[in-house]
Each structure stands twice: as structure tokens, then as C-alpha cells.
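> Single-letter residue listing:
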Amino acid sequence: MPAPHDHAKSWLTRIAALPRTGKVRILNVCGGHERTITHSGMRTALPDDIELIPGPGCPVCICPEEDIYDAIQLALNEDVMLVAFGDMLRVPVNVPKREPRSLEQAKAAGAGIQPIATPAAAAAIAREHPDRQVVFFAAGFETTMAPVAAMLAEGVPDNLSVLLSGRLTWPAVAMLLDSGEAAFDALVAPGHVATVMGADEWQFVPQQHGLPCAIAGFTPASLLAAFHSILGQLHRRQPALDNCYPESVTAGGNLLAKSVLARVMGVTDAKWRGIGTIPVSGFALQPAYAAHDARRRFFTKTTAANDPAKEARKRIGEMPPGCDCAAVVLGKISPTQCALYGRACTPRDPVGPCMVSDEGACRIWWVNGMRAAATGRKPDGNAARA
Amino acid sequence: MSHITLAHGNGGRLMRELIDEVFAAPLNNPLLDTGADAVALPLDTANNEIMLTTDGFTVSPLEFPGGDIGSLAVNGTVNDLAVAGATPLYLSLAVIIEEGLALETLRRIVQSIAHAALTTGVQVVCGDTKVVPRGQGSGIYITTTGVGQRPASPARGINNIRDGDTILVSGPVGDHGIAVMLAREQFGLRGDVRSDCRSVVPLAQALLPLPGLRFMRDPTRGGLATVLNEIGLATGFGAVIDESAVPVRESVRSVCEILGYDPLYLACEGQIVAVVAPESATEALRVWRSTDHGHDAAILGRVTSAHRQVIQTTGIGGQRVIEELEDDPLPRIC
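For the protein sequence lines, the chains are Z and X, in the order given.
Under our numbering, the residues of the first sequence are numbered 2 to 387, in order.
Under our numbering, the residues of the second sequence are numbered 35 to 368, in order.
Hints in this document: simulated from the structure, not taken from any laboratory.
A virtual CB, placed ideally from N, CA and C, is assigned to each residue, including glycine.
It is possible that some hints are incorrect.
So these bits of chain Z aren't anywhere near chain X, every CB distance computed over 12 Å [what the hints assert, rightly or not]:
hint : residue
1    : P20
2    : G42
3    : D132
4    : H210
5    : P221
6    : H236
7    : G253
8    : L256
9    : F299
10   : E360
11   : G370
Ranges of calculated distance between the beta carbons of each label pair, as one might list FRET restraints [stated by the list, open to error]:
hint : chain 1 : residue 1 : chain 2 : residue 2 : range
12   : X       : M49       : Z       : R297      : 58 to 64 Å
13   : Z       : P158      : X       : E360      : 37 to 43 Å
14   : X       : R168      : Z       : P158      : 28 to 34 Å
15   : X       : P99       : Z       : A154      : 34 to 40 Å
16   : X       : P236      : Z       : R21       : 53 to 59 Å
Beyond 10 Å from chain Z on every Cβ pair, some chain X residues (computed) [said to hold, decoys possible]:
hint : residue
17   : S36
18   : T87
19   : D89
20   : Q343
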């Protein structure tokens, strides 16, 4: 009954046989990639000079604090039923101690909040409750926004509106590379995002920045194939974009999904929590869908968006005090290097969003037993061999 | 009457009829006297220690492929006695029923209790029935207390585990957890996974004669990972296990991959984790594999004093620390 890992093992052998080019830091931008890497103990199986860095691959982690605050206020103050993906519910915002600091706490305080697993569930709930206003707090990357767009394009009941907090992944990588502060030598591009949007979105990495890039799927073998490709590119000094997930990813992506996305949503500059505004990194509803925009429906002069109490709030848009999630998201430090990791911040009692979401690097590391404070590279390896 | 009402718990005629017809008839045995306040248990105290255990059961849905809350309540308690080296003999049965439960459902659950008890050779010798108002219980809660006896035997238990001992599991892990989860139909997933809910008495008794047997436990809530961490906490030893040696059904593995669950943390209701001296490992494996439900028994790894963690060698040859369960992936499955 054991799962076959022969492919992965043969990639490991091929990687070990490659000529070494010195330390290589490879950034991933997908929580699914980080889960596979950590769960399989890949860092301990690879040669020591390969460092795998989790990057901005967690939509919950970078969802603007203001958006979550607005969602909480909406659920608390308006007669609405708010639906959101489960892992949004526990993300804390910065509020005075007496106020609910997460959707979960607002729910406990009596607000109408329901977790859902798919966008289609939001429309279904709205149809089941025609007499209620249902607000879908839709946070996510391209892979989530495509089905949200499809749901809206198919037509939704009038009582459903969307509090949109969608983001594009490539602009965050572009911002990092443009900043000159990028702490990586190569990129593993996200297989699911590339399935929807196309491999070509990632051409800028080798073409404009001269870094190797490979698109990977979600098995250990697929990721190891991508690392092998990257190391080969480095050795040959020929950075390129390699599609190591061809069974799913094409150069142009899913044309139908892209056309529905473009019909329903435009692209705009957008805030990333703890990071700031990243150009052309956010989705916004097209004017034709403005009737389903929760911000237009509820955020009048007197409600949440312009609430004077909100302006008096401390650390608007920031991570909580002491929390290094923003640096973790940008791949600048590893989760174990955050002073709160495993001490003040655990999945049961999270401080920052990276410890909440299944896509968050801190949670992924913690639930997979990575405990030791990182003193340099391969913290999981040190922990495992301690 | 088709459903349980509060009157079924009022101590009157309706309650007596419910107990006699729905409970006492199917559970019938010489010791069960619904008119008595207490029961005298025939036990061989001259040659045995008397063992006692109790467990409460709540599960949603009440019935799932491979079992229901009734079989779970019998086997859960019987299995705790079995892994302690005892022969389970008697059970008490306390039920808290929610007003509105279909009488037909209750009959099926009690039939299932009777069948599970008969299969494993225990007698339900006393019981209690309460009814709570609608909304104050999820259909039915069951508590069973089990009495068994075990001969004065070589010292066994978690504290007898030694450095270098071998860790085995009696069969595939995670069947119960995934079967119950699929039965809830909340993820839009369907599958043919059946719960492994059954008595582990044959598996436990098969190993008992083995001189090298140190310790047995059934990996229920929290699964295999939890038992391994419990061993670590109690003994101060670590463990090394091989991921590719852990038996997991393909159907269970697929569901886990889709939902991001780790089979190591999923509940089993018909398996045993055993720790044996290294020289007894091959024999233990042979013995288990020759029992009815032990064909997929496997050696997982070993106990070590080199570290205090549970470390899994992954399928690709990496290493990963298996920590205690952080938050419940499947609340209230057993």
C-alpha cells in the first residue's frame, strides 16, 4: 500500500549528481508547494547548499487588515450573513482589547458568519436565504478569483454581494525583484496559478531579472524536477522559464477562465498586509458588476469604511506588534526566526496570519514539527537531527 | 409512537416499555435484570486482576459505513480492556437520548450494540436511559463502562518500553476518521471507505503469549501520531518510523491528499499499536498477519534513546518531526 516515491527519489539522485554552483536560494510562491516541501521533509533530503524559502504564497496572510476589519464590522453592525473561507475566520486584526479581533470572535459575539469551502456555496446560501443580505468576503489569488468571477458571470441572486479582496501573485514577485532586496536566486512558480493564467506570466523572471524559473506541480517529484531544472539553468548560466507541470500548465493558460475573469474583474493597485501597495496586484469588480459590490452596498458615509472609530484604530493595515509575518511572506526570514514563533504564536492561539492559514508558512512549519529556532539554514534538518 | 419523547424518560410506563422492548430484548442475557438496582458479577478473582474502564461516545452522523454509535460504544470500551491485556466480560450501558430521535434509529443502534457485544463475547449487564429536550443532545450519547479480567502476567505497560524496541501496527490507519468524514457529505466528496470499527480482542490476545510484548494501545482519537507521542511523553524515548511502512488504504490516502489531512492523525477504531522487543518483532508480525483482520500488519519503526522526538523518514528519504495534534482536523468523530 505504500505510495510510490520512485520518481522523487530518482530526481533526488539526479540533483545530487549535478555539479555544484555554490549556495542556491529558491523561493516558492505557493502555500501548496511549501506544504509538499515541508511535509515530505524535502529540505533534509536535498544537498545542504540548496535553501528552499517560502514566499508570498498565502492569500490569507497578505489580505489587508483593513478588509478583515471591514468584514468584521459588517457582520457585527449590519443585518447581514457574512460567508468566508474557513481560514479567514481566525485571522486577528488590530483592535482595542474589548472588541472582537477576528471573524471567529465576532461570530461568538453573535454576528452572522458562516464558513464556506467554495465560491459556489456563497451563491447557494444566498438562494437559501432570499430574505437576508448575504456578503461573500472573497479573499484569494487568481485561482480563487476565477471561480468567484465564474459565479458572478453565471448570475447570482440580488441579495448576494461580494467584499472582494483578490490579489495577483506575479506582481508581488516583480515588486520584490525590482526592490533590489530579493533574497533568492531562483523561483519556483505556482502550478495552479499558472494553470489558470498561463506560464508566460512568469517569463519576466528570467527575461528581465536573469533568474532561473520553473513551474512546478504539487507532488514531491514535480517540485524536485523543478529544482533540478533550476540548478541546471544556474550551472549552464542560461536562466529560462521551464514548465515542469506540463500536464496542467500551458503557455497561455485557461483561456475561458481568463476571459471570464477579465469580463468580471479589472486589475488595480492593491494593498498587501504589512507590505504596502503593490502596483497592478489587485482585482476589482468591473462596473457591470458594481451592483454586487458589498463596499458600494454597505459602506455609506455612516458605516464601517468611514467610521471615525476606525480612523482612531492603531496599527491600521499592519501586522500585530512583534509579528514578523510580513518578513516571512517576503521570504526575508524563515518562520523559526520570528521571536513569537511557537512562543506567543501557535496555531491554537495565533498572533499573525501566517500561523492561521493552511497556506501560511508558519503554520505549515509548526504542524510539521519544525521547532528549532533557525540559526542559519535548514532549521528543520537541525530539528530532526537534534 | 415513532419518535422518542420526553415521556420516554419520565420513569413511567412508557420508559419501562422502551427499556424492555428496545433495550432489554435484544441485549438479553442471564445477568441483565432491568428490575434490579445492581448486578453481581461472576469473576475469577483468585487468578486475575479485575480491570475497569469507561468511555463516552458521541459521533455525527450516528450511523456511518462500517459502524454506528452503538458498535463504537461497545468496541471502544472493549478495545481499551483488550489492549490492557484483559479479557472483556461485562459492560454497563448509559444512554442520553435527544427528544425526537426516530425510534427506528434507536432500534438499529441497540441491535448494533447487541451484535457487537455478541461478536466479542461481552454481556451488557446494567444500564440507564435518560431523555433530554430537543436541541440539548445530538441524537444520542452513549457511555459504556467495561469490566474485564487479566491473569497475573509478565509486567507490561508503557513503562516497560526499552531503547531499541520495535513498533508495529495491526493494519491500515485512518479508515474510521475518513469514513465518518465522508459520511457527513460536507466536502462534496464521496467514497467507499468503511470504518474499521470492530473488536481488537483477537489481535490483542494473539500477541499476549509473546514474551517480548511490552505495550499495546489502540490509536483512536489523534491516531497513530498521538500514540507515538504518548509513548515519548511517558518514557522519555523518541521514535523513528518509516512513512512508506505505514499501511494506508489508497482510498484513504486520496481523500487525505484532497483535504490536506495526514493519515497519521486520523482515528482508527479497530487497530492496535504494539511495542515489542526487537527479537520478538518478526514473530509478532507473523502472529498478527495470521489473524482475520491483521493481514496488513506492519513494522513501523523503533524506539530510540538518541532523541526525544517522533521522527518520520519520509517516502522521498527526508525527515519530518511528528508532533502532537495541534487542532482537531475532524472534530467529534469518536
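> None of the hints should be skipped; say for each whether it holds.
Hints versus structure:
1. P20: 22 Å, holds
2. G42: The claim breaks: G42 (chain Z) does not keep its Cβ more than 12 Å from every Cβ of chain X (closest is about 3 Å).
3. D132: 23 Å, holds
4. H210: Fine: 30 Å to the nearest Cβ keeps H210 (chain Z) off the interface.
5. P221: 5 Å, violated
6. H236: 22 Å, holds
7. G253: G253 (chain Z) is indeed farther than 12 Å from all Cβ atoms of chain X, at 27 Å.
8. L256: The assertion about L256 (chain Z) holds, with a minimum of 26 Å to chain X.
9. F299: 29 Å, holds
10. E360: Label violated. Min Cβ-Cβ 10 Å, cutoff 12 Å.
11. G370: G370 (chain Z) not clear of chain X: closest Cβ-Cβ about 3 Å, inside 12 Å.
12. X:M49 to Z:R297: 58 to 64 Å: The hint (58 to 64 Å, Cβ to Cβ) holds, given that M49 (chain X) and R297 (chain Z) are roughly 60 Å apart.
13. Z:P158 to X:E360: 37 to 43 Å: 38 Å, holds
14. X:R168 to Z:P158: 28 to 34 Å: About 32 Å separates the Cβ atoms of R168 (chain X) and P158 (chain Z), which means 28 to 34 Å holds.
15. X:P99 to Z:A154: 34 to 40 Å: The hinted range 34 to 40 Å holds for P99 (chain X) and A154 (chain Z), with Cβ atoms some 38 Å apart.
16. X:P236 to Z:R21: 53 to 59 Å: Distance hint for P236 (chain X), R21 (chain Z) holds at roughly 55 Å.
17. S36: 28 Å, holds
18. T87: 29 Å, holds
19. D89: It holds; D89 (chain X) is separated from chain Z by about 25 Å at its closest Cβ, greater than 10 Å.
20. Q343: 7 Å, violated
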